[in-house]
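What follows is the residue order along each chain.
Number of protein chains: 2
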Amino acid sequence: MSEISKTKGRPRKFDKENALKIALHLFWRHGFEGVSVANLASSMGINVPSLYAAFGNKEQLFFKSVELYGKTNANIYAPALALDTAYEVAQAILLGEVDLVTNPEAPDGCLMVQGALVTSPESQELSDMMSKLRLTAEGWMADRFEKAIEDGDLPKNADAKALACFIMTVNSGIAVQAKTGVKRHELLKIVDYSLLAFRKIAMLD
Amino acid sequence: MSEISKTKGRPRKFDKENALKIALHLFWRHGFEGVSVANLASSMGINVPSLYAAFGNKEQLFFKSVELYGKTNANIYAPALALDTAYEVAQAILLGEVDLVTNPEAPDGCLMVQGALVTSPESQELSDMMSKLRLTAEGWMADRFEKAIEDGDLPKNADAKALACFIMTVNSGIAVQAKTGVKRHELLKIVDYSLLAFRKIAMLD
DNA sequence: GTATTTATTTAGTGAACAATACAAAAATGT
DNA sequence: ACATTTTTGTATTGTTCACTAAATAAATAC
Numbered sequence: 212m213s214e215i216s217k218t219k220g221r222p223r224k225f226d227k228e229n230a231l232k233i234a235l236h237l238f239w240r241h242g243f244e245g246v247s248v249a250n251l252a253s254s255m256g257i258n259v260p261s262l263y264a265a266f267g268n269k270e271q272l273f274f275k276s277v278e279l280y281g282k283t284n285a286n287i288y289a290p291a292l293a294l295d296t297a298y299e300v301a302q303a304i305l306l307g308e309v310d311l312v313t314n315p316e317a318p319d320g321c322l323m324v325q326g327a328l329v330t331s332p333e334s335q336e337l338s339d340m341m342s343k344l345r346l347t348a349e350g351w352m353a354d355r356f357e358k359a360i361e362d363g364d365l366p367k368n369a370d371a372k373a374l375a376c377f378i379m380t381v382n383s384g385i386a387v388q389a390k391t392g393v394k395r396h397e398l399l400k401i402v403d404y405s406l407l408a409f410r411k412i413a414m415l416d
Numbered sequence: 212m213s214e215i216s217k218t219k220g221r222p223r224k225f226d227k228e229n230a231l232k233i234a235l236h237l238f239w240r241h242g243f244e245g246v247s248v249a250n251l252a253s254s255m256g257i258n259v260p261s262l263y264a265a266f267g268n269k270e271q272l273f274f275k276s277v278e279l280y281g282k283t284n285a286n287i288y289a290p291a292l293a294l295d296t297a298y299e300v301a302q303a304i305l306l307g308e309v310d311l312v313t314n315p316e317a318p319d320g321c322l323m324v325q326g327a328l329v330t331s332p333e334s335q336e337l338s339d340m341m342s343k344l345r346l347t348a349e350g351w352m353a354d355r356f357e358k359a360i361e362d363g364d365l366p367k368n369a370d371a372k373a374l375a376c377f378i379m380t381v382n383s384g385i386a387v388q389a390k391t392g393v394k395r396h397e398l399l400k401i402v403d404y405s406l407l408a409f410r411k412i413a414m415l416d
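Chains as they are written, first to last, in the numbering used here: chain W, 212 to 416; chain F, 212 to 416.
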């Protein structure tokens, strides 16, 4: 069952992980339909058939890019949700989003928002999948806030789902603003404001 | 100088304004690059050359769609900015956005956000134009809040630009959430929360 | 009636799209 | 040495892209 055995055929000339990273950055900047397979391949420094051999097709390459995105650039939720208080969770998610969308070594904005927010009818499923992923993250937050209510960290009459929806709304807004060109220090003000709001909404003070 | 004279050549068989409305709805739902000229023409009930004769080309058709959008569906800012207090302005803009992005007779979401948030490199100018339009609206808000500070409606040390940026961030977030499938009554909660935040940020109470 | 103007229809243009067929090349297994 | 496996490069598939040339049709101008 181990996969340690030497590969048999002709060895791949390019670094698959690095090629995937290049694809991710192109999808990130231009969206799924804003970049062509020919463009992807040449930017990755490979021929089109090598891309298909290594990644399947354009859609699967996009999925793998999203996966890499979640493991590297957008690894926000897992560590944030593990924090002690609902407030810290909200803070970590919003600050993590600002870091993500203004990272100078990556495209501006958020792949989950701009990767396939709108598409041609042919790619509707892909757009739906991205919506589901955003809703999944919102669900994680809602569950975490629910737990905070049970723990007594949030008041009993707090609305966990609505709080999560509020944070996700600000998150998405921050992503659009970053793509619009709004700078990091301005987005950090938005985070401060939103956290002030969070405390008030959650009736923490 | 009057343009009341009868048109000379063969009369157009289709209603130009209605055709433009159909184009607007397609761009709204699928984005500039998510719908083809052939698709636009057939949905408008006309042949492709008629589209070019009436509207120039795809880009100009998009511009005219944006213009129609501003005059009809998205006529939010002018009436909102004329209201008496900064709080009422913020409230009208956020509620107007929710109405806009959840109107059951139009596509979900906001054309200014999803029309060309990301594009292929060839359409970068178009994406930049949409960013500029969003920033223009934000500028209107900032100016209005500045005036509110001068009027004593907002405290002297309020940050007009940051307040405008906050409202625009929530606005964009609401647009993304509507496209994600979040329902009107949930978005109205977000508006309530954001207005609570607005009062606190602006130090109105 | 004839000329002029504009819209419509049909049938295309070359370029770009996602995806592949095929054969040569480069590794391993026996 | 030779068969097997996988990647590579070249060339190409059929389709869709934005856009248009050309002929016909329907109105007004004089």
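What the hints contain is simulated information worked out from the structure, not anything from laboratory work. Any given hint could be a false lead.
[Said to hold, decoys possible] No more than 27 Å apart at the CA atoms, straight line, and that leaves these computed lysine-lysine pairs for BS3-like: (1) W/Lys-400 <-> F/Lys-269; (2) F/Lys-358 <-> W/Lys-343; (3) W/Lys-411 <-> F/Lys-367; (4) W/Lys-400 <-> W/Lys-411; (5) F/Lys-269 <-> W/Lys-269; (6) W/Lys-394 <-> F/Lys-372; (7) F/Lys-358 <-> W/Lys-394; (8) W/Lys-372 <-> F/Lys-269; (9) W/Lys-372 <-> F/Lys-411; (10) F/Lys-358 <-> W/Lys-367; (11) F/Lys-394 <-> W/Lys-394; (12) W/Lys-282 <-> W/Lys-367; (13) W/Lys-367 <-> F/Lys-400; (14) W/Lys-394 <-> F/Lys-367; (15) F/Lys-411 <-> W/Lys-394; (16) F/Lys-358 <-> F/Lys-394; (17) W/Lys-358 <-> F/Lys-394; (18) W/Lys-400 <-> F/Lys-232; (19) F/Lys-367 <-> W/Lys-400.
[As the list claims (entries may be wrong)] Here are some of the chain F residues that sit facing chain W, going by a computed Cβ distance under 7 Å: (20) Gly-220; (21) Lys-224; (22) Lys-282; (23) Thr-380; (24) Leu-406; (25) Leu-415.
For clarity, every value in this text was computed on a predicted model and none was experimentally measured. Glycine included, each C-beta is placed from N, C-alpha and C at the ideal position.
Now for the hints, and whether the structure bears them out:
1. W/Lys-400 <-> F/Lys-269: This hinted pair is violated, its Cα atoms lying about 39 Å apart.
2. F/Lys-358 <-> W/Lys-343: Violated: F/Lys-358 and W/Lys-343 sit about 42 Å apart, past 27 Å.
3. W/Lys-411 <-> F/Lys-367: Distance ~23 Å between W/Lys-411 and F/Lys-367 Cα, so the pair holds.
4. W/Lys-400 <-> W/Lys-411: 17 Å, holds
5. F/Lys-269 <-> W/Lys-269: 26 Å, holds
6. W/Lys-394 <-> F/Lys-372: Given pair W/Lys-394, F/Lys-372 holds - Cα atoms ~13 Å apart, limit 27 Å.
7. F/Lys-358 <-> W/Lys-394: 24 Å, holds
8. W/Lys-372 <-> F/Lys-269: 42 Å, violated
9. W/Lys-372 <-> F/Lys-411: 22 Å, holds
10. F/Lys-358 <-> W/Lys-367: 41 Å, violated
11. F/Lys-394 <-> W/Lys-394: 30 Å, violated
12. W/Lys-282 <-> W/Lys-367: The hint is violated at about 34 Å.
13. W/Lys-367 <-> F/Lys-400: 18 Å, holds
14. W/Lys-394 <-> F/Lys-367: 24 Å, holds
15. F/Lys-411 <-> W/Lys-394: Distance ~23 Å between F/Lys-411 and W/Lys-394 Cα, so the pair holds.
16. F/Lys-358 <-> F/Lys-394: 34 Å, violated
17. W/Lys-358 <-> F/Lys-394: 24 Å, holds
18. W/Lys-400 <-> F/Lys-232: 38 Å, violated
19. F/Lys-367 <-> W/Lys-400: 18 Å, holds
20. Gly-220: Result: violated, 35 Å to nearest chain W Cβ.
21. Lys-224: 27 Å, violated
22. Lys-282: 22 Å, violated
23. Thr-380: 4 Å, holds
24. Leu-406: Violated: closest Cβ of chain W sits about 9 Å from F/Leu-406, beyond 7 Å.
25. Leu-415: 12 Å, violated
In the structure shown, a violation is registered for the earlier hints numbered 1, 2, 8, 10, 11, 12, 16, 18, 20, 21, 22, 24, 25, in ascending order.
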